[in-house]
Amino acid sequence: MESVVSPITITAAILVFVIILIGAAYAYHSAENAKIEKSRKASMFSNRIRRIEEVMSTLPLPYLGHGLGEFLISEKLDALESIKSLSMKDHNSSIEERIANTKGEMAEFMDKIVQEQHKSVNITSEAQAQQLHNTFHECHRLVLASFKSSRISKVDASKLINYIKERLIIITYELFSYSAYNAQQAEKYTLAIHYYERAIDELRKHNASHTYDEYIQKIKNRIAHAEEQQKAQTSLETPENQSSSLVSKLDELVDEDETWKKKNVYD
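With the numbering used here applied, the sequence shown covers 7 to 273.
All clues given are correct.
With beta-carbon atoms standing in for the labels, derived distance ranges:
(1) R104 - V161: 28 to 34 Å
(2) S99 - E132: 44 to 50 Å
(3) E172 - Q136: 17 to 23 Å
(4) S91 - P66: 31 to 37 Å
(5) E111 - V24: 53 to 59 Å
(6) S156 - E102: 23 to 29 Å
(7) T108 - R210: 41 to 47 Å
Below, computed lysine to aspartate or glutamate pairings styled on EDC-like, alpha-carbon distance capped at 20 Å:
(8) K125 - E220
(9) K160 - D84
(10) K171 - E144
(11) K171 - E220
(12) K118 - E76
(13) K47 - E87
Note that these hints are calculated values from the structure, not bench results. C-beta: ideal position from N, C-alpha, C; glycine also.
Input sequences plus hints: build the corresponding full structure.
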């Protein structure tokens, strides 16, 4: 007598088969999504390392003081450690070597920064000033990203951002001062005074806490000297609007920073 499979049993078997297929498909897609996410994160960390290395190779050592150099190296190490956690075990050796090399370079690099951080950097062209401005803006973005990811505290982020803003202001001031000095040497005293006054204007805009009083007084003395020289000569030069783009970008950064503060970043 033949056994008859009931419709219920057939239906149950079909349902089990469908569930197995769905489970297998879900597991496959989950694995693929995990691979894609790992790849995305690895790319993000690699991009951070590239940006940091570009900043560190562009900024003169005196500008990497006040904790900025240490912050950048720490961010690079964090990115390398994150890549290591995402890598297959057979790829870890190369990452571990990079981490070891970075740690080894860190002490030597920090010693160099300590030795160089009080030295001055001569700003001798608008192109040089523009490059430094762009690099410090990149530092600003790296600091904000680190704070938003909770890798640094509000206090540390505030200190770094204030230092970056100060450097941007001083770079603009030094460019105007250099342009004024060159004009003065060429006996173009009207132009020299114009540049000196632009330097003072930029310092005064950011001098609520009297940080730049000494710089302002120094420029006033130079203006007085240029005016004495001008008395003996009539100058017909037309002042140029040099570095207006730098001033504009600095104002944008200050506005961005004020907006950030209003969002209770420092509260």
